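2 protein chains.
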Amino acid sequence: MPLSEFQLIARYFAGLSPPDAEGVVLGIGDDAAILRPPPGEDLLVSIDTLVAGVHFPPFLSPRAIGHRALAVNLSDLAAMGARPLWFTLALTLPEVDESWLGGFADGLGTLAARCGIALVGGDTTRGPLSITIQVHGAAAPGRALRRDGARVGDSLWVTGRPGLAALGLQRLQAGVADDDPACAAFLWPEPRLAFGRGLAGLASAAIDVSDGLLADAGHIAERSAVGIEIDATLLPLEGALGAIPLSEALALCLTGGDDYELCFTAPAAASAAIAGLAAAQGLSCRRIGTVVPGVGARCAGVETTGMGYQHFRESADG
Amino acid sequence: MPLSEFQLIARYFAGLSPPDAEGVVLGIGDDAAILRPPPGEDLLVSIDTLVAGVHFPPFLSPRAIGHRALAVNLSDLAAMGARPLWFTLALTLPEVDESWLGGFADGLGTLAARCGIALVGGDTTRGPLSITIQVHGAAAPGRALRRDGARVGDSLWVTGRPGLAALGLQRLQAGVADDDPACAAFLWPEPRLAFGRGLAGLASAAIDVSDGLLADAGHIAERSAVGIEIDATLLPLEGALGAIPLSEALALCLTGGDDYELCFTAPAAASAAIAGLAAAQGLSCRRIGTVVPGVGARCAGVETTGMGYQHFRESADG
Numbered sequence: 208m209p210l211s212e213f214q215l216i217a218r219y220f221a222g223l224s225p226p227d228a229e230g231v232v233l234g235i236g237d238d239a240a241i242l243r244p245p246p247g248e249d250l251l252v253s254i255d256t257l258v259a260g261v262h263f264p265p266f267l268s269p270r271a272i273g274h275r276a277l278a279v280n281l282s283d284l285a286a287m288g289a290r291p292l293w294f295t296l297a298l299t300l301p302e303v304d305e306s307w308l309g310g311f312a313d314g315l316g317t318l319a320a321r322c323g324i325a326l327v328g329g330d331t332t333r334g335p336l337s338i339t340i341q342v343h344g345a346a347a348p349g350r351a352l353r354r355d356g357a358r359v360g361d362s363l364w365v366t367g368r369p370g371l372a373a374l375g376l377q378r379l380q381a382g383v384a385d386d387d388p389a390c391a392a393f394l395w396p397e398p399r400l401a402f403g404r405g406l407a408g409l410a411s412a413a414i415d416v417s418d419g420l421l422a423d424a425g426h427i428a429e430r431s432a433v434g435i436e437i438d439a440t441l442l443p444l445e446g447a448l449g450a451i452p453l454s455e456a457l458a459l460c461l462t463g464g465d466d467y468e469l470c471f472t473a474p475a476a477a478s479a480a481i482a483g484l485a486a487a488q489g490l491s492c493r494r495i496g497t498v499v500p501g502v503g504a505r506c507a508g509v510e511t512t513g514m515g516y517q518h519f520r521e522s523a524d525g
Numbered sequence: 208m209p210l211s212e213f214q215l216i217a218r219y220f221a222g223l224s225p226p227d228a229e230g231v232v233l234g235i236g237d238d239a240a241i242l243r244p245p246p247g248e249d250l251l252v253s254i255d256t257l258v259a260g261v262h263f264p265p266f267l268s269p270r271a272i273g274h275r276a277l278a279v280n281l282s283d284l285a286a287m288g289a290r291p292l293w294f295t296l297a298l299t300l301p302e303v304d305e306s307w308l309g310g311f312a313d314g315l316g317t318l319a320a321r322c323g324i325a326l327v328g329g330d331t332t333r334g335p336l337s338i339t340i341q342v343h344g345a346a347a348p349g350r351a352l353r354r355d356g357a358r359v360g361d362s363l364w365v366t367g368r369p370g371l372a373a374l375g376l377q378r379l380q381a382g383v384a385d386d387d388p389a390c391a392a393f394l395w396p397e398p399r400l401a402f403g404r405g406l407a408g409l410a411s412a413a414i415d416v417s418d419g420l421l422a423d424a425g426h427i428a429e430r431s432a433v434g435i436e437i438d439a440t441l442l443p444l445e446g447a448l449g450a451i452p453l454s455e456a457l458a459l460c461l462t463g464g465d466d467y468e469l470c471f472t473a474p475a476a477a478s479a480a481i482a483g484l485a486a487a488q489g490l491s492c493r494r495i496g497t498v499v500p501g502v503g504a505r506c507a508g509v510e511t512t513g514m515g516y517q518h519f520r521e522s523a524d525g
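For the record, the sequence lines run as chains Y and X. Be aware that the first sequence starts at 208, since it is given in the numbering used here, and climbs by one per residue. Be aware that the second sequence starts at 208, since it is given in the numbering used here, and climbs by one per residue.
No lab work stands behind these hints, which were simulated from the structure alone. Note that the structure is a prediction, hence the values are computed from the model and not measured. Hints are supplied without guarantee of correctness; some may be wrong.
[Claimed, not checked] Only some residues are given here: those of chain Y computed to face chain X with a beta carbon under 7 Å:
#1 Ser224
#2 Ala240
#3 Pro244
#4 Leu251
#5 Val252
#6 Val258
#7 Ala286
#8 Thr299
#9 Pro301
#10 Gly328
#11 Arg333
#12 Gly334
#13 Ser337
Where a beta carbon is used, it is the ideal one built from N, C-alpha and C, also for glycine.
Same shape as in the complex, but just chain Y (with noise of 0.2 Å):
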């Protein structure tokens, strides 16, 4: 891309690097940003592509695709109970479209700011709309939440309401106006940031939700080597979701992505902080399950041959 679309470019995105920010010697504009880790923390680093048309639908707007981008990211720190420092971003565009990239640019920079994450570096390409972002993030040593420390006997929890995204981008689909709360839901996912970094200490294992509720806690189980059992009569199938037939809202809630919720694993005698956790920030959180001897996740008496969930894309070649 010519010299003057980069730097059209790059105005939009000078906003998204404030001068205050932690750890932060050099941003933007050298060959490499220089970084300044905390000392004695560990480093999080997480990298996620959205394609258009694969990722994302076509109807959704630039500012949605720029939370989206930045949210998925997020989520992933959310996950490890990490603080997040840093972002780098890899935007490749078929054109440069001033309206698209203000749009973008405020989705992303909105949830940047509210989040404390300070964008150190980029990349800005001319191809198919495709948005690359590496997040990184600290947490003391050890103290970062991985897949693999459910132990049998564990309680399996979930925070929100997975399967409302899912619901949602059905209702947008067929074009229900985007405030409906399942629409938002897909729309605007929130990480959950504080409360990732509430359950270091608490939590023995933890993945957010993208592919599905049953297939990351399948993720999680794989990763411990042991087994998961969800129960369905504790499913969080309130709100939009028990307002349709019982068998729709357990696929949703099941097998439904897109909700970047935290689901995790805790000896039972955490139970109680968790519980306090969640109520001190207002947020949901369920125990809706079991880690038990065996392999992978299931839910007894839902059969969920055949369910399965691959995103939004545009032509179904899963």
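Go by the hints and put chain X onto chain Y.
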């Protein structure tokens, strides 16, 4: 992409995460990697995207694409004088082609092993072919080479044979066999990591030559608020560049990109040490100009209006 495809892809990259990699507490397979930055050192990060048809031509082999994707990023660490530590890979593929993946992973992995950089995380998605890599390196505090340290009176230097890669691209596009040295310069760019690290403490500013010597020297000039005068008679127009008409060689040397050589400034007092460093590493390095009061980079006597290099692109959408 279905899980089985993820697993398939993961198999190709498993070898790029050596178990003894420095500072890796937890690599691929969780929501984020857990890293332990070298205590007391600065962390350098750089992210770059390569889009098929924009940043590399269709005839490039998967192995050369894998090499290139990492090399252009490592070159940014070289230009900062940093020691490579870790990288992440966000790979977008139109389909799972095992032959392509094998070649790509081989090109990527061979360079990674040689440069001592470990894969710690990534993301694979379906979409138009695109490769985003972020590299992480370390440097002693305050010792990283920046673009903004050039001072009036410093000398300008460049390693290798800038312009050779652009000549190689011309020849490859004309169907010349790829064992031509110019073609090799385009196909297998070599990040000047050891030289860059040696420059820390000697150079006052540095950049890698990706956009063309004149443009990249111009970036140093801009960030350092100085002028840079390149002396055409000092340019390293030997070898393949010496065998073509001088005006063409000059144009390629000043505006050809994709060389990933290092261009840097240094006080005159450092000249002997720089020459000694280059000799010790068997790397050609030439003094080619001077930092002067003023604005921008120019090469007296050479008309460069209209010259510019935009890497390879399928459609000239400049």
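Results for each hint:
1. Ser224: violated, 14 Å
2. Ala240: holds, 5 Å
3. Pro244: For Pro244(Y), the interface hint holds, since the closest Cβ of chain X sits about 4 Å away, which is under 7 Å.
4. Leu251: holds, 4 Å
5. Val252: Since the shortest Cβ distance to chain X is 5 Å, the answer is holds.
6. Val258: Since chain X brings a Cβ to about 4 Å from Val258(Y), closer than 7 Å, the hint holds.
7. Ala286: holds, 4 Å
8. Thr299: holds, 6 Å
9. Pro301: violated, 10 Å
10. Gly328: Hint on Gly328(Y): holds, closest Cβ of chain X at ~6 Å, below 7 Å.
11. Arg333: This hint holds: Arg333(Y) lies near chain X, its Cβ roughly 6 Å from the closest one there, short of 7 Å.
12. Gly334: Where the cut-off is 7 Å and the nearest Cβ of chain X is about 4 Å from Gly334(Y), the hint holds.
13. Ser337: holds, 6 Å
Checked against the numbered hints above, the structure violates hints 1, 9; every other hint is satisfied.
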